[in-house]
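A.B. asks: Read off the chains here:
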Amino acid sequence: MGDSFSKLLSVNIDFEQSHMFFPKIIMWLLFLLFLLIVVLYGRKFLEDLKAGRRSIRFFEENFDKIRLFGTIGVVILYFVLMDYVGVLFPNTGLGFLLVSIPFMMSLSFLYVHDLNKKKTIIIFLNSIIAPTAAWYILGNLFNITLP
Amino acid sequence: MEFLSLLSPELFLFVVAGVIVGIVFGAIPGMTATMAVAVCLPLTYSLDMVNGLGLLLGLYVGGISGGLVPAILLNIPGTPSSITTTFDGYPMTQNGEGEKALKTGITSSLFGGLLSVFILFFFAPVLADFAIKFSYIEKFLIILFALSVIASLSKKSMLVGIFSGVLGIWFSLIGTYDISVGGNGETRLMFDFMEYHLESGFALLPVLIGLFGLGTILEEAEKGVKDEVQSVNGAALSAATAKAGKFSFSVFKGQYVNLFRSGMIGTFVGMLPGVGGSAASVLSYTQQKNFSKDPSKLGTGAPEGVIASESANNGLTGGALVPLLSLGIPGDSTTAVLIGAFTLQGLQVGPLFIGEHLDIWHSMVVALLSANIAMFLIMFFAIKYIARVITVPKYLLYPIIIMMCVVGAYAINYGIMFDVWTLLLFGVLGFVGSKLGIEIAPFIIGFILGKSAEVYFVKSLESFGSFTIFFTKSPIAVFLWVLILVSIWFSIYSSKKGSQA
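If you read the sequences in order, they're chains U and F. Note that the numbering used here has the first sequence beginning at 901, numbered continuously upward. Note that the numbering used here has the second sequence beginning at 50, numbered continuously upward.
For the record, the hints were derived by calculation from the structure and aren't laboratory data. Take the hints with a grain of salt, since some may be wrong.
Claimed, not checked - Under the rule of at most 16 Å between Cα atoms (straight-line distance), these lysine to aspartate or glutamate pairs were calculated in the EDC-like manner: (1) K950/U to D964/U; (2) K965/U to E511/F; (3) K508/F to D914/U; (4) K500/F to D276/F; (5) K484/F to D914/U; (6) K484/F to D276/F; (7) K508/F to E916/U; (8) K275/F to D914/U; (9) K272/F to D914/U; (10) K272/F to E960/U; (11) K275/F to E916/U; (12) K500/F to D97/F; (13) K965/U to E268/F; (14) K272/F to E961/U; (15) K522/F to E511/F; (16) K508/F to D227/F; (17) K484/F to E961/U; (18) K484/F to E235/F; (19) K924/U to E235/F; (20) K500/F to E271/F; (21) K1019/U to E271/F; (22) K275/F to D964/U.
Said to hold, decoys possible - Selected chain F positions facing chain U (Cβ under 8 Å, derived; list incomplete): (23) P91; (24) S95; (25) R310; (26) M313; (27) Y444; (28) I451; (29) A460; (30) S515; (31) K522.
Said to hold, decoys possible - Just a few of them, taken from the derived set where beta-carbon distance is under 10 Å, the chain U residues facing chain F: (32) D948; (33) G952; (34) S955; (35) V985; (36) F989; (37) N1016; (38) K1019; (39) I1022.
Even glycine gets a Cβ: it sits at the ideal position worked out from N, Cα and C.
One chain only, chain F, in its complex shape (with noise of 0.2 Å):
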C-alpha cells in the first residue's frame, strides 16, 4: 500500500479539473478528448508525474463522456464516438425526455467507465507479465500486428490503412539512427540543409497537437466556423429542461445484460489498437440492435440505444490503456497522446512499467476510477450549466486552442521554434492528408512505433542472420504471426461481404 502516500488531495484537484476541461471538451463539437488531452499537455511539464497523469486521464475520462451532450441535445455528435447516441438521444429530446436521455446516458458512461478500470487492474498486468518475455522478434510481430489490426479495421480499405502506417513509419525514420540503440549515427530521409533542426527526427508531441488541435481547427475554418449550435440552442435547451420526462434508475430495468455487454465490447475495441471509440460504439449499439426484443424501436428514441453507446464509449478508456501500459502500444489516439506525457517524465512505458512502477501504476488506476466518479457526479448534477457549454462561440474558442498548441509545441524541448513549425507542418499535413484519404489513427501509430520497429527488425537481422529466424524463433512468433494471418483475412473477407451487400 506504498502508493497511498501518493494520493494527496491534489491529485484528486487535478483529476476533477481535468473532468471539468475534458467534458467542455468534448460536449462542444469540433473537439474532441484528444485535442483536450493535447492542448493541456503542457500544464503538466511543470507537475509530477501522478499528478500530470491524474489530469490527462481526468481529460480522457470527461473528453469521451462530454460527447453524449450535445448528441443528445442537439443531434450533433459532440465526440465522433458519440455517433451512436445521437441514434436515439435525440429523438429522445424531440419526444421532450432530453433530461432523462441525458442521465440514462451518464449511469451508463460511468458503469462503462468502471468496468473498463476492473479489467484494466486485473488484465493489464497479467499481459505484462507475459510480454516481459518478448525478445525483440516477437516485439517486431506484435508492432506488426497492432499494424495489421488497425489496417484491417480501418474504415475505407485495408490497403490505404496501411498505407497510412506504413507512411507513419517513414515520417519516424527521419533524423538520426541513433547510437544509443545501436545505430551508427548517421542520418537519413533528409537533405543536408535540414540536418541542424533534423537531427533528432520530428518531435512526437508537435506532430501530435499539429494534427490533431491545428488540423482539426483548418478543416474547420474550411467550413467557414460556423457556429451550429447557437442558432438552435434555444429550442433544444428548453426541451432537454422539460419536466415531461423525468429520469429515474428504472431505465435500466432489464438493460443490465445490454450495460454489461456493451460495457466489455467498448473495453475490447479499446484494446485493439488504433480503433477508436466510434467503433465501439456502433458494433455495440448493432449488437443491442440484434439481441434486442424490439429491434424497430431502436432508432426512434429508446433508451437502450443510449445505455448501449454510452457504456460502449466510456468502456474504451480503461480498454485502450491496457495496451499501452502492457506493451507501450497506444489504444488510439488519445492514449497515443498519453504515450508523450510518460515519455516527457523520462518513463518508458512497455512490459516492464508496471513492475517497475507500481505506485504510479496502483495511483493511476485510483485516478481513472476517481474520474469516472467524478464525471458522474458532475455530469448528473451540473448537467443544465453543461447544456450551456455548448453554445461557446468558436470565434472564442479556436485563438485560444492554437495559442494553447503553440505553448504545447515550443515548451516541450524548453524552447525549440523549429518545433512550433512542426506543429504548422503537421497542422497542414493533417488536413491534406485527411483529404487525400490519408487516415490519422493508423499514420500516428506508425509514427509512434516506427522507430522501435526498426531496431527490432534490423538488430534480429544483425544477430541472426536470416529472415527465417521471425518465423522459427519461439511459439509465440509463430502464434502472432496466426493472429496477423486472421486479421487480414477478416479484412478481406469484410470487405467481400461489403461489397456483396
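One chain only, chain U, in its complex shape (with noise of 0.2 Å):
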C-alpha cells in the first residue's frame, strides 16, 4: 500500500523531453485555473448580464476610438519608419532623431484638445526639442544605442 503510494509519487524525467515538463504542468495549470474560475464565478456572471448589472462591453462607455487606435496606429507606425530610416544612417542614432520629431508632434497633435495658437507653437518646439535632447544626451553623452 505504502509503496505503491510512493511509487505514485515518483517521477523519472527524460532529459530529451525535459524542456516541456514546466510548461506541460504550467499549462494543466493554467487550463484547471480557467475552468475553475468558469465553474465558480461562470453563473453569476451570466446572470448579472441578464439582469443588466453588467455588460460584455469591452471598452468603455463613449471611449475615444480616434486616440486610443490612432495611438497604436501612430506608435506602429513610428517603430516600422525608425528601423527603415534607422538602416539609412546606421550607428549614428539619426533614424531614432528623425522619426521621433514627426511622431512627437504627430501624437501631441492626436492628444490635444481645444487646439490654438499658443499650443501649436509648444507642440512644434516640443517635438522637436525633446527628441533632439535625448539624442544628444542619452546617445551621444551616455553612449547608448539608439535605433
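Build the complex: two chains, separate frames, hints provided.
C.D. replies: Here is the structure:
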C-alpha cells in the first residue's frame, strides 16, 4: 500500500523531453484554473449579465476611438519607420531622431484638446527639442545605442 | 568602511536628480513611480552600478512621495498608493489648510521612509543569512509562497490572482530551456518561425516598460487624454497657498504612535511580494480609524488621516527592497523593474547578494537615506513650484514617455528591434489583459520568477525522483508549506467574510 503510494509520487524525467516537463504542468494548471473560474464565477456572471448589472462591453462607454486606435497606429508606424530610416544612417541614432520628431508631433496633435496658436507653437517646440535632447544626451553623452 | 570610497558627490547628485524627476512623475496623475523607474532605466545603462542605483532609488522614493500633491490639492491620487491621502487631504484643502496638509504629508513620508530604511538595513542581512542555506526545494517553495501571498491579497479574487501569476510563469518559459542552468537547449511554447527572435524568450525590461509605460498610456488614450488638472488648477492652487492653515510641527503632537504604526505597517506590507502601496496605505488608514480617539473626524480633514496614509506608503519603499535583496523576489512592481537594473549590471540578486557585494549594499542604504532626506527638503521648501508641475499637459508628456520607452527597450540588448516590438506587444497585452481582469502585479512576479521556479522544480525532481521530497526535505520546507496554507486560508476566510458583510 505505502509502496504503491510512493510509486505514484515518484517521477522519472527524460532529459530529452525535460524542456516540456514544467511548461506542461503550467499549461494544465492554467487550464484547470480557467475551468475553476468559469465554474465558480460563470453562473453569477451570466445572471448579472441577464439582469443588466454587468455588460460585456470591452471598452469604456463613449471611449475615445480616434485617440486609442490612433495611438496604436502612430506607434506602429513609428516603430516601422524607425527601423527603416535607421538602416539608412547606421550607428548614428539619426533614424531615431528623424522619426521621433514627426512622431511626437502627430501624437501631440492627436491628444491635444482645444487646439490654439499657443498650443501649436508649444507642440512644435516640444517635438523638436525633446527628441534632440534625448538623442544628444543619451546617444552622444551616455553612448546608448539608438536605432 | 570600504564603501565610503564609493560615495562620490556624483552619487548624491544622481539621487537628487532622481528624486526631482520622481516627484514630477508621482505628482502627475496617470504617471507612477514604476513608470518613472522604467522610463529612466536607459539612463543607467552607461552609469556604474552605484550611481545607477542611486538614480533609480531616488526615482522610487520621489515617485511614491509625489503622489500626495494632487491627492491633497485636487482629490486625484497621483499614484495608487496615495488614494487614502485624498480622504483627509482634500477636505483640508477645502478648509483652506492645503499647505498644512501638504507639509504634514511630506513630514510623515520622511518618517515612514527613514523607518523603513532602518528596518531594511537590519532585517535584510538576517533574512539573507537564513536563506543562504536554502536548497532548490526551499527556493521553489519560497516562490510558491510568494505567489500564494500575491494571489490571496489580490483585489478581485484569489483564483484570478493565481491565474495571472501562472500566466506570467507561462510567458517566462517561452524560449530555450537553457543549457547553462542544466536544460537541454530545446526551444518550446512557440512556432518554428518564431525561433529566431524568441530564442532567449522575451526580455524582461521591454515587457515591464510595455506594461507600465505604453499600457498605461493606452488606457489614458481610451479615456481621451483629458487634462482634468488644468481645468481646476486655479482654485486649488490658490487654496493651497492660502495662509489660513499654517503648518507647524505641533500637528504631530499625540500622533507619534500613529506615525510609527503606519510606517511599520507600510514596511511589512511592502515585504509581502506583489502587494503595492495602495494596500499598505489602506491598511494603516483603517487601523488609524480603529484606534483614533475620534474616528468620526477621519474623512473630514483630519491631519491624522494624512499622516497614516503617507507614513505607510513611504514605509513601503524600504520594505519592498527586503525580499528583493535577501531572496531575489521583488516586493512590488517598482522593485520588479529594479531587478532589471541589477541584471543589466550583471549582478544576481538573491541570498548571496549582500554578503558578496557589501559595498554596493551599503551605498544603496546611504542612497535610500539621502533620497528620503532630499525628498523632504525639496518638497518641503519648494512645494509651491511642485504644485504647478501637475498642470503640465499630457499631450506634451505622453509622446516623450513613449519615446523614452522605445529608447529603453531598444538599447537594453544593444539595438535589437524585436525588443521594441515586445514593448508594443506587452503594452497592448497589458491594456487588453487588465480589461479582461488579469492582474498585472501577480503576472509580473510570475514572469520574473517563472524560469527560476522551473529550474528549482525540475532539478529537485531529477535528483530526488519523487514529489514527496517537497514535503520531507527539511523543517524549513514544512514551515513554508504551513505559510502557504495560512495565506490560502486567509484569502478564503476574508472573501467569505467579505461576502457576508
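A.B. asks: Now tell me if each hint is right for this structure.
C.D. replies: How the hints compare with the structure:
1. Pair hint K950/U plus D964/U does not hold up; C-alpha atoms about 27 Å apart against a cutoff of 16 Å.
2. Under the criterion of a C-alpha separation no larger than 16 Å, the hint pairing K965/U with E511/F is inconsistent with the structure, at around 53 Å.
3. For a cut-off of 16 Å, the pair hint linking K508/F to D914/U stands: about 12 Å separates their Cα positions.
4. Using a Cα cut-off of 16 Å, the hinted pair K500/F and D276/F is violated, with the two alpha carbons roughly 41 Å apart.
5. Simply put, K484/F and D914/U have alpha-carbon atoms about 40 Å apart, too far for the 16 Å limit, and the pair is violated.
6. A C-alpha spacing of about 23 Å is found between K484/F and D276/F, which places the hinted pair above 16 Å, so the restraint is violated.
7. Taking the CA atoms of K508/F and E916/U, the gap is about 14 Å. The hint holds against a cut of 16 Å.
8. Only pairs whose Cα atoms come within 16 Å are accepted, and K275/F paired with D914/U is rejected, the gap being roughly 57 Å.
9. Distance hint between K272/F and D914/U is unfulfilled; the C-alpha atoms sit about 52 Å from each other, more than 16 Å.
10. As the CA atoms of K272/F and E960/U are separated by approximately 8 Å, the hinted pair is consistent with the 16 Å bound.
11. For the suggested pair K275/F and E916/U, the alpha carbons sit about 55 Å apart, so the restraint of at most 16 Å is broken.
12. Distance restraint check for K500/F and D97/F: the Cα-Cα separation of roughly 27 Å exceeds the 16 Å cut-off, and the hinted pair is therefore not satisfied.
13. Restraint check for K965/U and E268/F: satisfied, since their Cα atoms lie roughly 12 Å apart, inside the 16 Å limit.
14. Of the supplied pair hints, the one linking K272/F and E961/U holds, its CA atoms being roughly 9 Å apart against a limit of 16 Å.
15. Distance restraint check for K522/F and E511/F: the Cα-Cα separation of roughly 14 Å lies within the 16 Å cut-off, and the hinted pair is therefore satisfied.
16. Taking the CA atoms of K508/F and D227/F, the gap is about 13 Å. The hint holds against a cut of 16 Å.
17. Taken as a hint, the K484/F and E961/U pair is honoured in the structure, with Cα atoms around 13 Å apart against an allowance of 16 Å.
18. The hinted pair formed by K484/F and E235/F fails the criterion: a straight-line CA distance of about 34 Å is larger than 16 Å.
19. For a cut-off of 16 Å, the pair hint linking K924/U to E235/F stands: about 14 Å separates their Cα positions.
20. In summary, the hint linking K500/F to E271/F is not supported, as the alpha carbons are separated by about 34 Å, beyond the 16 Å threshold.
21. Restraint check for K1019/U and E271/F: not satisfied, since their Cα atoms lie roughly 22 Å apart, outside the 16 Å limit.
22. Between the alpha carbons of K275/F and D964/U the distance comes to roughly 11 Å, so the proposed pair stays at or under 16 Å and holds.
23. For P91/F, the suggested interface contact is upheld, since its CB lies about 6 Å from the closest CB of chain U, less than 8 Å.
24. Annotation: S95/F was flagged as interfacial toward chain U, and the flag holds, the nearest CB pair being 4 Å apart, inside 8 Å.
25. Taking 8 Å as the C-beta contact cut-off toward chain U, the hint placing R310/F at the interface is violated, the least distance being around 36 Å.
26. Contact between M313/F and chain U, as hinted, is not supported at the beta carbon level, the nearest pair being about 35 Å apart and thus beyond 8 Å.
27. Taking 8 Å as the C-beta cut-off, the interface hint given for Y444/F holds, the closest approach to chain U being about 4 Å.
28. Proximity of I451/F to chain U holds as hinted, the smallest CB-CB distance being about 7 Å (cut-off 8 Å).
29. For A460/F, the shortest C-beta to C-beta distance to chain U is roughly 5 Å, which falls under 8 Å, so the interface hint holds.
30. Hint status for S515/F: holds, given a least beta-carbon distance of 4 Å to chain U, under 8 Å.
31. Look at K522/F: its Cβ only gets to about 14 Å from chain U, farther than 8 Å, so that hint breaks.
32. At about 14 Å, the closest approach between the beta carbon of D948/U and any beta carbon in chain F exceeds 10 Å, and the interface hint on this residue is violated.
33. At a threshold of 10 Å, the smallest CB-CB gap from G952/U to chain F is about 20 Å, leaving the interface hint violated.
34. For the restraint placing S955/U at the interface with chain F, the shortest Cβ-Cβ distance is roughly 13 Å, beyond the 10 Å limit, so the hint is violated.
35. Because the smallest distance between the Cβ of V985/U and any Cβ of chain F comes to about 12 Å, over 10 Å, the interface hint for this residue is violated.
36. For F989/U, the suggested interface contact is broken, since its CB lies about 13 Å from the closest CB of chain F, more than 10 Å.
37. Interface restraint check: N1016/U against chain F, minimum CB-CB distance 12 Å, threshold 10 Å, status violated.
38. Hint status for K1019/U relative to chain F: holds, with the closest Cβ pair at about 8 Å, below 10 Å.
39. Contact between I1022/U and chain F, as hinted, is supported at the beta carbon level, the nearest pair being about 7 Å apart and thus within 10 Å.
Of the numbered hints listed earlier, those contradicted by the structure are 1, 2, 4, 5, 6, 8, 9, 11, 12, 18, 20, 21, 25, 26, 31, 32, 33, 34, 35, 36 and 37.
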